[in-house]
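Below, each chain spelled out in residue letters.
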Amino acid sequence: MKVNLLYFGRPREYLKLAGETAELSANAATVADLLASLRTRGGDWAHELEETRVRCSVNQELCPLTAPLHDGDEVAIFSPISGG
Amino acid sequence: MSISIQTGDFDLAAEMQALRTASVNAGALVSFVGLVRDMSNAGKVENILLEHYPGMSEKALQNILVEANSRWQLLGVRVIHRVGELRPNDQIVMVATASAHRADAFAACEFIMDYLKTSAPFWKREQTAGGTTWLDTKASDVARAERWIQQGDME
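Chains as they are written, first to last, in the working numbering: chain R, 1 to 84; chain F, 1001 to 1155.
One or more of the hints may lead you astray.
As the list claims (entries may be wrong) - The calculated label-pair distances, taken between Cβ atoms and stated as ranges, are: (1) R/Gln60 - F/Gly1027: 28 to 38 Å; (2) F/Arg1087 - R/Lys16: 19 to 29 Å; (3) F/Arg1020 - R/Ala29: 50 to 60 Å; (4) F/Leu1049 - R/Gly43: 22 to 32 Å; (5) F/Thr1128 - R/Glu50: 16 to 26 Å; (6) F/Asp1090 - R/Lys16: 19 to 29 Å; (7) F/Ala1143 - R/His47: 25 to 35 Å; (8) F/Gln1006 - R/Thr52: 26 to 36 Å.
Unchecked claim - Under the rule of at most 20 Å between Cα atoms (straight-line distance), these lysine to any residue pairs were calculated in the SDA-like manner: (9) R/Lys2 - R/Leu35; (10) F/Lys1059 - F/Arg1071; (11) R/Lys2 - R/Ala32; (12) F/Lys1138 - R/Thr52; (13) F/Lys1059 - R/Cys63; (14) R/Lys2 - R/Arg39; (15) F/Lys1138 - F/Ser1119; (16) F/Lys1044 - F/Thr1128; (17) F/Lys1138 - R/Cys63; (18) R/Lys16 - F/Pro1054; (19) F/Lys1059 - R/Val58; (20) F/Lys1138 - F/Ile1149; (21) F/Lys1059 - F/Asp1114; (22) R/Lys2 - R/Thr40; (23) R/Lys16 - F/Arg1125; (24) R/Lys16 - R/Arg41; (25) F/Lys1059 - R/Glu74; (26) R/Lys16 - R/Arg55; (27) R/Lys2 - R/Arg41; (28) F/Lys1059 - R/Pro64; (29) F/Lys1059 - R/Cys56; (30) R/Lys16 - F/Gly1084; (31) F/Lys1138 - F/Val1033; (32) R/Lys16 - F/Thr1132; (33) R/Lys16 - F/Glu1085; (34) F/Lys1138 - R/Cys56; (35) R/Lys2 - R/Glu74; (36) F/Lys1059 - R/Asp73; (37) F/Lys1138 - R/Pro64; (38) F/Lys1059 - R/Leu62; (39) F/Lys1138 - F/Asn1041.
Derived by calculation from the structure, the hints in this document are not laboratory data.
These numbers come from a predicted model, not from an experiment.
For each residue, glycine too, the CB sits at the ideal point set by N, CA and C.
Make the full structure from the sequences, and use the hints.
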């Protein structure tokens, strides 16, 4: 399945990427699985996408890393929010 | 209810005038303006960069206003959040509420601000002499937002 990935905050800066389309294996069922798969790219990916460093949303709703993924989802990965 | 996310500055007096004109039966207007602070844990702040998630940020703010509207009797709400590069003392955010009585206007204004801090997708990167830092969510902001949680409400 495919998901549309967006990056904001610290990961956007350090991974030098605003977004991409990611093809996931069928066993990538949750956001945590997606992060684990992205971390296998190594280097900054392994460090920046550690579970404790990032927060996420699926289809523009904040969600826990246990949130399930579906084909066509818009998944955003970002550092903890700090507006206002 | 009106929301703006913009790079430009805003004029509090003009915004309050507009809210007053639009809220004919109001007996109270409350406003809050958040500013860029000049000192952080890392030292003297030179500037901050504010980033947001276009699409979701508007939606998240809208959800917060809907929730505020369901809890209090509001006649008008105006929220402005700036993005882009800002300097110490610059205005970052404005929340203004109009209601028949001050209790609802005060409470809703504080609620909106507290929820915005922890649930709207905005990020601050601070520049000091030592470099840049993406700020973390403050535990004190989480605690303030949690005070508003009622059984069966927003997570």
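Evaluation of the provided hints:
A hinted range of 28 to 38 Å for the beta carbons of R/Gln60 and F/Gly1027 is consistent with their spacing of about 36 Å. Distance hint check for F/Arg1087 and R/Lys16: the Cβ-Cβ separation is about 26 Å, which falls inside the suggested range of 19 to 29 Å. Checked against the hint of 50 to 60 Å, the C-beta distance between F/Arg1020 and R/Ala29 comes to roughly 52 Å, which is consistent with it. Separation of F/Leu1049 from R/Gly43 is about 24 Å and conforms to the stated range, judged on CB atoms against 22 to 32 Å.
Range check, F/Thr1128 to R/Glu50: about 24 Å between beta-carbon atoms, so the 16 to 26 Å window is met. In this structure the hint that F/Asp1090 and R/Lys16 lie 19 to 29 Å apart at CB holds, the actual value being about 28 Å. Taking the beta carbon of each, F/Ala1143 and R/His47 are about 29 Å apart, inside 25 to 35 Å as hinted. For F/Gln1006 and R/Thr52, the hinted distance range of 26 to 36 Å is satisfied, since their beta carbons lie about 33 Å from each other.
As the CA atoms of R/Lys2 and R/Leu35 are separated by approximately 14 Å, the hinted pair is consistent with the 20 Å bound. Between F/Lys1059 and F/Arg1071, the direct Cα distance comes to roughly 19 Å. Compliance with the 20 Å bound is thereby established for this hinted pair. Restraint check: the Cα-Cα separation between R/Lys2 and R/Ala32 comes to about 16 Å, which is no more than 20 Å; the hinted pair holds. Taken as a hint, the F/Lys1138 and R/Thr52 pair is honoured in the structure, with Cα atoms around 15 Å apart against an allowance of 20 Å.
Restraint check for F/Lys1059 and R/Cys63: the C-alpha separation of about 15 Å stays at or below 20 Å, so the hint holds. About 17 Å separates the Cα atoms of R/Lys2 and R/Arg39, which keeps this hinted pair within 20 Å; it holds. Note on F/Lys1138 and F/Ser1119: the hinted pairing holds, with a Cα-Cα distance of about 12 Å set against a maximum of 20 Å. For the proposed pair F/Lys1044 and F/Thr1128, the alpha carbon gap of about 6 Å is at most 20 Å, so the pair holds.
For the suggested pair F/Lys1138 and R/Cys63, the alpha carbons sit about 19 Å apart, so the restraint of at most 20 Å is met. Our distance criterion of 20 Å between C-alpha atoms is met by R/Lys16 and F/Pro1054, whose separation comes to about 18 Å. In summary, the hint linking F/Lys1059 to R/Val58 is supported, as the alpha carbons are separated by about 13 Å, within the 20 Å threshold. Proximity of F/Lys1138 to F/Ile1149 is assessed by CA-CA distance (about 18 Å); at most 20 Å being required, the pair is judged to hold.
At roughly 16 Å between alpha-carbon atoms, F/Lys1059 and F/Asp1114 fall within 20 Å of each other, so this suggested pair holds. Pair hint R/Lys2 plus R/Thr40 holds up; C-alpha atoms about 18 Å apart against a cutoff of 20 Å. Note on R/Lys16 and F/Arg1125: the hinted pairing holds, with a Cα-Cα distance of about 15 Å set against a maximum of 20 Å. The hinted pair formed by R/Lys16 and R/Arg41 meets the criterion: a straight-line CA distance of about 14 Å does not exceed 20 Å.
Of the pairs offered as hints, the one joining F/Lys1059 and R/Glu74 holds, with about 15 Å between alpha carbons and a cut-off of 20 Å not exceeded. Simply put, R/Lys16 and R/Arg55 have alpha-carbon atoms about 18 Å apart, close enough for the 20 Å limit, and the pair holds. Distance check on the hinted pair: R/Lys2 and R/Arg41 sit about 18 Å apart at the alpha-carbon level, within 20 Å; holds. With a C-alpha separation of about 19 Å, the suggested pairing of F/Lys1059 with R/Pro64 holds against the 20 Å cut-off.
With a C-alpha separation of about 16 Å, the suggested pairing of F/Lys1059 with R/Cys56 holds against the 20 Å cut-off. At roughly 18 Å between alpha-carbon atoms, R/Lys16 and F/Gly1084 fall within 20 Å of each other, so this suggested pair holds. Of the pairs offered as hints, the one joining F/Lys1138 and F/Val1033 holds, with about 18 Å between alpha carbons and a cut-off of 20 Å not exceeded. For a cut-off of 20 Å, the pair hint linking R/Lys16 to F/Thr1132 stands: about 15 Å separates their Cα positions.
Restraint check: the Cα-Cα separation between R/Lys16 and F/Glu1085 comes to about 19 Å, which is no more than 20 Å; the hinted pair holds. Between the alpha carbons of F/Lys1138 and R/Cys56 the distance comes to roughly 17 Å, so the proposed pair stays at or under 20 Å and holds. Proposed proximity of R/Lys2 and R/Glu74 is supported: the alpha carbons are some 10 Å apart, at most 20 Å. For the hint pairing F/Lys1059 with R/Asp73, the CA-to-CA distance comes to about 17 Å; that is within 20 Å, so the pair holds.
A C-alpha spacing of about 18 Å is found between F/Lys1138 and R/Pro64, which places the hinted pair at or below 20 Å, so the restraint holds. A C-alpha spacing of about 11 Å is found between F/Lys1059 and R/Leu62, which places the hinted pair at or below 20 Å, so the restraint holds. For the hint linking F/Lys1138 to F/Asn1041, the alpha-carbon distance of about 12 Å falls within 20 Å, and the restraint holds.
Hint violations for this structure: none, all hints satisfied.
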